[in-house]
Every structure is written in C-alpha cells, then in structure tokens.
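Undergrad: In order, the protein sequences belong to chains E and A.
The numbering of the first sequence is our numbering, which starts it at 6 and goes up by one.
The numbering of the second sequence is our numbering, which starts it at 112 and goes up by one.
Hints listed in this document are in silico derivations from the structure and should not be mistaken for laboratory results.
Accuracy of the hints is not assured; some may be wrong.
Some chain A residues near chain E, calculated using beta-carbon distances under 10 Å [claimed, not checked]:
hint: 1; residue: G141
hint: 2; residue: M145
hint: 3; residue: S155
hint: 4; residue: A159
hint: 5; residue: T181
hint: 6; residue: S234
hint: 7; residue: K298
hint: 8; residue: F424
hint: 9; residue: V475
hint: 10; residue: S550
Quantities reported herein were computed from a predicted structural model and do not represent experimental measurements.
Just so you know, even glycine gets a beta-carbon here, dropped at the ideal spot from N, CA and C.
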Amino acid sequence: MKRREFIKTSAATCCGAVIGAGFLERALGNNSFDTNVSEESLRKFIALDESDFKRLADTSIFLANKNSASYSDIRVCKYRNQSINTSEERIQNISDSENLGFGVRVLINGSWGFASSSLVNENEVIKVTNLACEIAKANSVLQKFPVELVPVNSYTDNYKTEIKINPFDVSITDKINLQLKYNKIAKSTGADYVDSYMWFINEWKYFASSEGSYIVQDLYRIWAGTEPTVIDKENGNYESRKAIIAPMSMGYEYFSELPFEKEIETAVENTKMKLKAPSVVPGKKDIIIHGNNLYLTIHESCGHPTELDRALGYEANYAGTSFMTPEKLGNLKYGSELINLKADRTQKYGLATRGYDDDGVKTTEFPIVENGVFVNYQTTREQAKNISNKESFACAYADSWSHFPIQRMPNISLLPGKEKRSLEDMISDTEDGILIIGDGSWSIDMQRYNFQFTGQEFWEIKNGKKTTMLNDVAYQGNTVDFWNSCDSICDESEYYLGGSLFCGKGEPGQISPVSHGAVPARFRQINILNTKSQI
Amino acid sequence: MIFSKEEAGKIIEKVISFSKADSVEVNLSGGTSMNLRFAVNTVSTSGASDSLDVNITSNIGKKSGSVSLTSIEDSEIEKAVRKSEEIAGYSPENEEFIAPPGKQSNYLGVKEYFEDTEKINPSDISEKISYTLKKAEDKKLISSGYFEKNAEFVSNGNSNGLFSYHKSTSSKFSSTMRTEDSTGSGKIDRMYADINLLNIKKFSDNVAERAILSKGPVKCEAGKYVTILDNAAVCDMLNNLLGYLNKRSADEGRSYFSDKDKGNKIGQQIADVKVDIFSDPQFTDAPSTPFTREGVPLTKSEWISKGILKNLFSSRYWAEKTKTKYIPYPSNIIMKGTDKSVEDLIASTEKGIYVSRFWYIRQVDPRQILLTGLTRDGVFLIENGKIKSSVNNFRFNESPLNVLKHVIDLSVSEKVVGSETYDSKIVVPALKISEFNFSSVSDAI
Numbered sequence: 006m007k008r009r010e011f012i013k014t015s016a017a018t019c020c021g022a023v024i025g026a027g028f029l030e031r032a033l034g035n036n037s038f039d040t041n042v043s044e045e046s047l048r049k050f051i052a053l054d055e056s057d058f059k060r061l062a063d064t065s066i067f068l069a070n071k072n073s074a075s076y077s078d079i080r081v082c083k084y085r086n087q088s089i090n091t092s093e094e095r096i097q098n099i100s101d102s103e104n105l106g107f108g109v110r111v112l113i114n115g116s117w118g119f120a121s122s123s124l125v126n127e128n129e130v131i132k133v134t135n136l137a138c139e140i141a142k143a144n145s146v147l148q149k150f151p152v153e154l155v156p157v158n159s160y161t162d163n164y165k166t167e168i169k170i171n172p173f174d175v176s177i178t179d180k181i182n183l184q185l186k187y188n189k190i191a192k193s194t195g196a197d198y199v200d201s202y203m204w205f206i207n208e209w210k211y212f213a214s215s216e217g218s219y220i221v222q223d224l225y226r227i228w229a230g231t232e233p234t235v236i237d238k239e240n241g242n243y244e245s246r247k248a249i250i251a252p253m254s255m256g257y258e259y260f261s262e263l264p265f266e267k268e269i270e271t272a273v274e275n276t277k278m279k280l281k282a283p284s285v286v287p288g289k290k291d292i293i294i295h296g297n298n299l300y301l302t303i304h305e306s307c308g309h310p311t312e313l314d315r316a317l318g319y320e321a322n323y324a325g326t327s328f329m330t331p332e333k334l335g336n337l338k339y340g341s342e343l344i345n346l347k348a349d350r351t352q353k354y355g356l357a358t359r360g361y362d363d364d365g366v367k368t369t370e371f372p373i374v375e376n377g378v379f380v381n382y383q384t385t386r387e388q389a390k391n392i393s394n395k396e397s398f399a400c401a402y403a404d405s406w407s408h409f410p411i412q413r414m415p416n417i418s419l420l421p422g423k424e425k426r427s428l429e430d431m432i433s434d435t436e437d438g439i440l441i442i443g444d445g446s447w448s449i450d451m452q453r454y455n456f457q458f459t460g461q462e463f464w465e466i467k468n469g470k471k472t473t474m475l476n477d478v479a480y481q482g483n484t485v486d487f488w489n490s491c492d493s494i495c496d497e498s499e500y501y502l503g504g505s506l507f508c509g510k511g512e513p514g515q516i517s518p519v520s521h522g523a524v525p526a527r528f529r530q531i532n533i534l535n536t537k538s539q540i
Numbered sequence: 112m113i114f115s116k117e118e119a120g121k122i123i124e125k126v127i128s129f130s131k132a133d134s135v136e137v138n139l140s141g142g143t144s145m146n147l148r149f150a151v152n153t154v155s156t157s158g159a160s161d162s163l164d165v166n167i168t169s170n171i172g173k174k175s176g177s178v179s180l181t182s183i184e185d186s187e188i189e190k191a192v193r194k195s196e197e198i199a200g201y202s203p204e205n206e207e208f209i210a211p212p213g214k215q216s217n218y219l220g221v222k223e224y225f226e227d228t229e230k231i232n233p234s235d236i237s238e239k240i241s242y243t244l245k246k247a248e249d250k251k252l253i254s255s256g257y258f259e260k261n262a263e264f265v266s267n268g269n270s271n272g273l274f275s276y277h278k279s280t281s282s283k284f285s286s287t288m289r290t291e292d293s294t295g296s297g298k299i300d301r302m303y304a305d306i307n308l309l310n311i312k313k314f315s316d317n318v319a320e321r322a323i324l325s326k327g328p329v330k331c332e333a334g335k336y337v338t339i340l341d342n343a344a345v346c347d348m349l350n351n352l353l354g355y356l357n358k359r360s361a362d363e364g365r366s367y368f369s370d371k372d373k374g375n376k377i378g379q380q381i382a383d384v385k386v387d388i389f390s391d392p393q394f395t396d397a398p399s400t401p402f403t404r405e406g407v408p409l410t411k412s413e414w415i416s417k418g419i420l421k422n423l424f425s426s427r428y429w430a431e432k433t434k435t436k437y438i439p440y441p442s443n444i445i446m447k448g449t450d451k452s453v454e455d456l457i458a459s460t461e462k463g464i465y466v467s468r469f470w471y472i473r474q475v476d477p478r479q480i481l482l483t484g485l486t487r488d489g490v491f492l493i494e495n496g497k498i499k500s501s502v503n504n505f506r507f508n509e510s511p512l513n514v515l516k517h518v519i520d521l522s523v524s525e526k527v528v529g530s531e532t533y534d535s536k537i538v539v540p541a542l543k544i545s546e547f548n549f550s551s552v553s554d555a556i
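Generate the whole structure from the sequences, applying the supplied hints.
TA: As structure tokens, this is what we get:
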C-alpha cells in the first residue's frame with residue numbers, strides 16, 4: 006500500500022545539518038538548561054566527516070558489546086529532500102529539507118533493542134546505545150524463541166547511484182521554470198487546471214556493524230508528475246488523466262531523457278476524450294494491461310505476498326499476512342508458464358537499487374516466480390533461516406534513522422517474452438477486449454487474493470483493432486486465477502519500468518521506494534466492473 | 112525532545128531575530144517516542160526515538176521559501192533563515208500570497224498532555240504486553256500487535272506577533288489475534304492521550320473473543336445488505352469523507368460538493384437527518400491541537416448538522432477571496448451517537464451483515480466519492496436479532512455519503528482508530544444502514 010500521510014505531511018519532512026551538543030545553551034544564550042555536554046564536545050562534533058562517523062560507530066559497537074550484545078549496528082543517515090508543487094502558473098510550495106540522525110540496533114539474549122536520535126554526537130550515541138540495550142533486555146522477558154541471524158561477509162565500501170547530473174546542483178529557479186513550462190503546455194493544450202510536483206531525494210547513510218562492516222551509500226531518486234483537469238461546465242462534469250512517467254533512481258537527466266512534454270500533451274488530449282467516452286459495459290472480458298498499469302498489479306499481487314515476514318505472520322497486525330505460505334514454496338502454480346518474475350536490487354534506475362541492504366548484506370538478484378512456479382521469498386538476515394536459507398537476499402530497509410530496518414521489497418519485474426511481440430501485434434491478435442493504460446486506484450486484501458484496479462485510460466478492442474475510448478473501468482481478480490489466465494506477453498521492446506516512492510509497511514509506518522518493470526500482457530476473461538453503476 | 116512554552120518561545124524569537132525578510136514564520140515541533148511490536152506470540156522489533164523539527168518560512172513581497180532542519184544551533188538556524196530567504200528570492204510571485212496572521216489571543220485551553228503517559232518505561236511496556244501474549248496462548252490464538260507512546264510539543268510563531276504552543280501525549284495499543292487454523296481473526300486499535308484509559312487487559316480480552324467468534328466463516332454471496340458497521344469501520348469512512356470537504360475544489364466545479372447553480376452544496380441535505388458531524392479541539396474524548404499549522408486558533412466547526420452540509424474547509428486565501436468565514440481543516444472529527452450499544456443495533460436487525468473493520472480503502476471515482484476496500488477481522492451474518500455465523504470477507508464499492516444517507520440507527524460514540532486513520536482523532540458511533548454494496552467475495556482471513 007501507499008502511504009497518503011507521507012504525501013500529506015511531506016512538506017513538513019525535515020531537517021538540519023549536523024548539530025552540536027550544548028546547542029540549547031547557545032540557542033538560548035546561556036539560559037539555565039542542563040545538557041551535561043561541554044562546549045568542547047560541541048566543537049568536536051559540529052562538523053563530522055567519515056572518520057568521525059567511524060569513531061561514533063566504534064563507540065556504539067564497543068558499548069553494545071560490553072552490554073553482552075551478540076550483534077549490533079549503527080546507521081547514521083542524512084536525507085535531503087527538495088519538493089516543488091505548482092498549480093497553473095502559481096507556486097504552491099517549495100521545500101528544501103535536510104534530516105540527520107542515527108539509529109542503533111542491538112541483539113541481546115536473542116531480543117532486539119533499537120533507539121535513535123536526531124542529535125549526532127558522542128554523548129548521544131552513548132545514551133542511545135544504552136537505551137537500545139535497556140529495551141532489548143526488557144523485551145527478552147517476552148521472547149519465545151531467540152532471533153538468529155544468518156552469516157554475512159564484512160565489507161568496507163562506498164556505493165553511489167549512477168547519475169549524470171546531480172539534481173541538487175541544479176538551481177531551484179531552473180526547476181520551477183521547467184515545471185511552470187509543463188503547466189503552460191497543459192493549459193495551452195486545453196486543461197482548465199493543472200497540478201504538478203517534483204521530488205528530489207538524496208539518501209546518504211553510513212552503516213557499521215559488529216560484523217566488521219563500514220559501508221557508505223549515496224542514493225538518488227527523482228520524480229515529477231503533472232495532472233491536468235478539464236471541466237465540462239455544461240454538464241457539471243470534470244475529468245483528469247495524469248501524465249504517465251514513473252519515479253526513478255536517476256539524476257536530473259531524467260527530464261531530458263524522458264518525453265515529458267509529449268506525455269503532458271497526450272494527458273490533456275486524452276482527458277478531453279475521457280469526458281466524452283462511453284461508460285464500459287461490465288462483464289468478463291479479455292484485457293491487455295500495459296506495463297504502466299501492470300507494474301502496480303505486480304507490486305500488490307506478487308511483491309507483497311512473497312515477503313517472508315508477512316507469510317510468517319510478522320505483519321499480521323497491520324499490513325496483513327499472505328496466501329503464499331511456506332509449504333507452497335516450490336510447488337504453487339502462481340501463474341501460467343509465461344510468467345517469470347525476478348527480484349533485482351541491482352537493476353539500473355530501480356528505486357530499490359543500492360549496494361547493500363540495511364543488514365549490511367550485498368544486494369543481488371533472484372527469481373520469485375519461474376515459469377509460473379513460486380520459487381523464492383524476499384528475505385533478511387533474521388528471516389532466511391526460517392526457510393532454511395543460508396544467506397539473506399538483502400531485503401532489509403529502514404526509511405529513516407529513527408526506524409528499525411524491516412524486510413522491504415526489492416525491484417520485482419515481469420520478464421519480457423522471448424518471442425517477438427509488440428503491443429500492436431497483441432492488439433491485432435485480440436477479438437473482443439479492453440486495453441488498460443496507466444495506474445489509477447488500487448486495493449487488495451490482507452492476504453493478497455482479491456484485488457481491484459482502475460487505470461488512467463481504457464480502450465475498446467474489437468476484431469484486432471483499438472476502436473473507442475471507454476470510461477469507468479475497473480478490473481477485479483484473484484491473484485492466482487489472474488496470473489494463470491495470462492496467455493500472451495510482449496517482448497522487451499515494450500518494457501516499462503514503473504515504481505513508487507511510497508510503499509507503506511510496518512509499525513511505526515515506514516515507506517519504501519521500489520520499481521517494477523513490466524511488458525504489456527493479455528489476461529483472458531477477467532471481471533470488468535463499471536464504476537459508475539456501483540451505487 | 113520536548114521544550115516548554117518558554118523554551119519554545121525563546122527559540123522562535125531567536126529564529127525571527129535572524130530574519131531580513133518582510134515576514135518570517137516558524138513551526139517548531141519535537142518529541143520522544145517508544146514502541147514495542149509483537150507477532151507470532153513473541154516480541155519482535157521495538158524502538159525509541161527522539162526528534163526535533165524546525166520549519167522556517169520567509170516571505171519577501173509575495174514570494175515565499177521554506178526550509179527545515181533539526182538543529183537549534185545559532186549558526187545552523189542563521190544558515191537556514193538565509194537559505195529560506197534565498198529560496199523566496201528565486202520564487203515567482205504568488206498571487207495568492209497572504210501575510211502571516213498576527214497575534215492571536217483566543218486559543219482554547221486543551222488538556223492533551225498526561226505525565227503518566229510520558230513517564231512509562233521499557234519494563235512497564237513489556238509488563239503490559241505480557242498479558243496480551245498470555246491471553247492469546249491461553250485461548251490458542253496467534254497474537255500480533257503494537258504499543259506506542261509519544262510525548263510531543265508543537266509551537267508556532269511569526270514576525271507579525273503570533274505565538275502558539277501545545278503539548279500532548281498519546282498512548283496506542285493495537286492487537287490482531289488469529290485462530291491457529293487461520294480461519295478466524297479479530298483486531299482492536301485504540302489511542303488515548305492518557306495512558307490510564309488504555310485498558311490493555313480489556314482490549315486483549317475483546318480481541319480474543321472476536322477472533323474466536325469469527326472462526327470458520329461460512330460462504331455468503333456478495334450483494335447489497337442491511338449492514339451494521341462497527342465504530343472502527345465508520346471511522347475509516349468518515350476520515351475519507353473529511354478529505355473531500357474542500358471548499359475550493361467545490362467552488363471550482365471539481366468536487367462532489369460542487370453545485371452547477373450555487374457553486375457548492377452548503378445548506379443542502381446530503382445525509383440522513385440523524386447525522387451530526389463536527390470538530391472541537393476541546394471535546395473531552397478526543398482533545399486535539401487548538402490551532403492550525405500556521406498557528407491560527409481552531410474552534411468548534413459543524414460539518415453536517417441534521418444531515419445538512421453546514422461548512423466546507425478552506426485556506427485563508429480562499430476564504431478571503433470568496434468573502435466567507437475562514438473554516439480551517441480540523442484537528443479532530445466527532446460524529447454524534449446515541450445511548451444504544453452495538454448489541455442493541457444487532458438485536459433490532461432481522462437480517463443483515465455486521466462488519467468489524469475495513470481495509471485498503473481507495474478512491475475509485477472522486478465525482479461520486481466512490482471508494483473501494485475490503486472487510487477485515489470479523490464479518491458476521493445477523494438473523495432474527497442474533498449473530499448467526501461468521502461469514503467470508505467482502506470487497507465493497509461504496510460511498511461514505513451513501514452510508515450517511517442510509518442511516519437507520521446509531522450506537523454510542525467512541526474514540527477508535529480505523530485501519531487507515533493513523534493518528535487522526537476520531538469519535539464515531541457504529542451505524543446500522545439500510546444498504547451497503549458488497550461487490551465481491553474475498554478469500555482472505
């Protein structure tokens with residue numbers, strides 16, 4: 006699921022550069038606050054570099070070890086977020102924020118403890134490590150079976166997202182001008198209203214663990230969107246259709262390498278068509294789902310149910326469990342033989358792509374579904390042993406220094422068909438169907454059986470031809486029936502990499518960025534709803 | 112970390128003192144938080160965090176720029192103030208700019224801070240949760256859940272003289288229990304400012320009972336039924352509806368609440384006469400922040416009264432432009448109930464469906480406020496005033512307004528947490544409605 010709260014409150018995401026201790030006295034001009042920190046230590050930590058982080062990490066690991074921790078790690082993270090929101094020719098919001106802090110994780114007597122703080126200095130590291138140990142000890146009373154981690158190599162490494170232009174080197178003026186230009190294109194093509202946004206994200210983190218790893222990662226993500234609305238005053242109606250361009254792990258070259266302007270024009274033209282499009286006749290239909298819609302179906306119906314923590318019941322209180330329980334591993338016929346779904350945290354442009362996960366495990370690729378059969382779960386160091394794996398698939402991630410790393414989804418993609426087949430070929434091979442383009446709304450149950458998706462745009466297919474645009478379409482399905490009904494998939498020339506920055510999971514809630522590649526695929530006799538005739 | 116009113120005031124003054132802009136607005140917030148998670152009848156991940164946020168907006172003419180940071184170090188603050196001024200400088204003029212509000216004197220007094228909540232430590236938490244784990248084991252159930260306590264403050268100030276401060280605590284407990292054969296599931300989710308109201312023993316007993324009652328569901332066809340939505344289900348419906356009560360989109364003709372002739376639907380009957388919905392930061396069961404993010408006082412606002420739409424929320428700009436009273440987005444939402452219990456609603460029902468909670472609710476069509484989602488953690492068939500059996504889960508396609516139009520009866524109102532309402536403070540009754548559209552069956556438990 007996607008967390009709306011994050012989007013709502015994201016303008017308020019935060020915060021600052023390296024902070025010194027003794028800050029309070031300074032900020033308040035020698036008022037009576039007892040911070041227990043000397044001015045000397047303040048000066049020491051006011052400008053930290055990598056060797057300082059190593060020293061802080063070693064302090065924490067040493068202290069955890071003293072407290073009988075069998076394992077401990079520390080993540081010092083610095084997030085930079087820039088966002089720009091505009092409507093028509095107006096700026097709605099410009100935000101530029103930095104957020105720095107660290108989290109310490111300890112394993113004592115087989116129980117986890119975790120604590121974190123936005124103050125990065127030695128005293129705070131000591132305080133927070135002690136609190137993490139106190140929590141671990143308090144919780145061990147409730148521990149029924151000890152947490153065990155599968156082995157990991159130790160690494161000292163640096164990893165950076167491959168980018169051509171650092172988005173933070175581009176001025177805000179340039180970014181605003183580009184966005185206002187997009188809005189102008191939308192307005193001049195016929196939009197009454199247009200809302201646009203841009204996100205620039207840099208996730209920097211220093212990870213060190215008692216296994217001897219010291220890993221620095223510098224990750225970049227980018228997203229821009231434009232959504233025009235056209236009003237039909239005569240009939241008191243309105244429609245919108247967003248420009249379909251996905252977030253990516255990419256630099257500012259995103260804007261020159263992807264066809265924004267053309268896509269915004271298409272969005273407005275098709276919004277106008279949508280206002281006049283006839284409502285769909287519900288019933289069972291063959292549907293061709295474009296990669297720009299299917300990526301989200303993959304996310305919900307394959308990505309989430311193959312998370313091992315869900316399957317074992319660890320997310321039962323919020324995200325839910327999974328119908329893909331461990332006894333089905335290796336024998337569930339998840340889909341037709343055409344279906345190959347691969348997890349890959351090394352994929353170019355993938356939002357979940359990085360060098361190492363938050364357990365300090367080197368990222369990798371692995372099959373989830375092979376020729377239709379369910380063959381692997383996503384795992385972390387803690388979970389791997391539950392399915393007798395000797396290594397983790399490197400799927401641990403925490404969205405903040407203040408959160409505990411949990412199992413999060415790698416990029417999971419539908420592999421293109423080996424036979425040559427374009428979308429045109431597939432349409433001409435379809436007698437009576439609907440083509441679905443773009444993601445709309447999405448909803449799936451807590452065990453990932455029953456789903457309902459809409460889209461941005463729908464087309465009737467009759468006797469091998471794309472005929473008229475349709476409106477008010479939703480498709481409902483059951484995961485295994487749905488993937489087994491797939492009888493045709495396109496080749497790699499139609500590959501689309503979709504994704505989301507806001508996949509939600511865990512308590513307290515965490516978001517995670519993840520991509521899914523897909524090619525158009527055809528599914529036979531799927532239940533189509535008319536969303537206008539529901540109430 | 113938590114600052115007192117005086118400390119917050121001094122920090123805000125300090126930020127303002129660095130400003131060279133026409134006006135500067137500061138939003139300062141921080142807090143401490145501690146949580147414990149459990150699953151499969153054992154503790155899993157837990158943690159604590161300490162945080163601080165300083166948000167600075169500088170306004171130059173009709174241009175604005177915002178920056179946020181976690182530091183209150185002089186040099187860092189000064190750097191941030193300069194940066195926000197620099198961003199404001201880049202920005203094009205915002206025609207909709209309104210100068211920050213001036214000094215306010217009429218903040219409502221709200222008690223949302225409880226020392227007992229702030230003081231609870233890891234051993235206390237572990238002790239409280241041990242009852243839940245034992246209860247589940249005794250009843251042969253598989254439990255999972257979450258406990259969290261927070262102590263927070265938020266303070267606003269600006270160079271036009273405004274200053275606001277609010278300190279609060281919250282304590283949360285939720286638990287899901289599933290039967291060993293995976294055919295039954297129950298859930299409870301509660302949040303109170305005062306931890307002494309968080310009766311973990313009672314809540315654990317309730318969820319165990321609901322899990323056992325929901326075991327072994329029988330097949331039930333999708334369709335339209337007389338339906339009783341428990342408080343938690345109503346909570347999600349109402350929270351979703353709130354987002355649509357936006358005056359500007361209504362006035363602009365892009366909302367369900369648009370009216371071709373009158374602009375918007377204020378004053379029109381949009382729900383059954385038994386429906387009264389309002390917000391009030393001082394409401395005892397759901398105390399909430401008595402000011403907006405800009406620091407403007409929040410007072411009692413009526414949204415729907417006797418089924419008539421009374422107000423839509425707007426920005427200060429839109430209120431001024433349309434020459435209407437500024438009604439901001441609220442900090443809590445309350446729907447009036449009766450003195451009846453859910454059991455009373457069931458007893459008066461000849462045939463119907465009783466829904467415990469919803470899940471994964473998403474907008475399908477904003478023009479109708481059509482939402483889809485699923486039932487979760489206990490659905491029951493009612494026959495002749497009694498629960499006859501547990502039945503399968505459903506997907507629904509329905510509108511919260513349709514629900515409010517078809518109200519037959521209401522129970523007592525309670526503060527509950529829905530499946531997707533997170534920290535929203537919501538007090539709602541269970542509702543009995545004459546029809547609810549279950550669109551298909553879900554095999555999920």
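Undergrad: For the restraint on A/M145, tell me whether the closest CB of chain E is nearer than 10 Å.
TA: Holds. Min distance 8 Å.
Undergrad: Hint check: is the beta carbon of A/S155 less than 10 Å from a beta carbon of chain E?
TA: holds, 6 Å
Undergrad: With a cut-off of 10 Å on the beta carbons, see whether A/F424 makes it to chain E.
TA: violated, 14 Å
Undergrad: Using Cβ atoms only, decide whether A/S234 comes closer than 10 Å to chain E, and label the hint accordingly.
TA: With a closest approach of 5 Å, the A/S234 hint holds.
Undergrad: Using the nearest Cβ pair, does A/S550 come within less than 10 Å of chain E?
TA: Holds, about 7 Å.
Undergrad: Using the nearest Cβ pair, does A/G141 come within less than 10 Å of chain E?
TA: Check passed: Cβ of A/G141 comes within 8 Å of chain E, closer than 10 Å.
Undergrad: Quick check on the hint: A/K298 CB to chain E CB, less than 10 Å?
TA: Holds, because the Cβ-Cβ distance from A/K298 to chain E comes to roughly 7 Å (cut-off 10 Å).
Undergrad: Holds or violated: the hint that A/T181 contacts chain E, with Cβ atoms closer than 10 Å.
TA: holds, 4 Å
Undergrad: Tell me if A/V475 is really an interface residue toward chain E, meaning its C-beta lies closer than 10 Å to one of theirs.
TA: Interface hint status for A/V475: holds (5 Å vs cutoff 10 Å).
Undergrad: At a threshold of 10 Å, is the proposed contact between A/A159 and chain E supported by beta-carbon distances?
TA: holds, 4 Å
The structure is inconsistent with hint 8 alone, although it conforms to all the rest.
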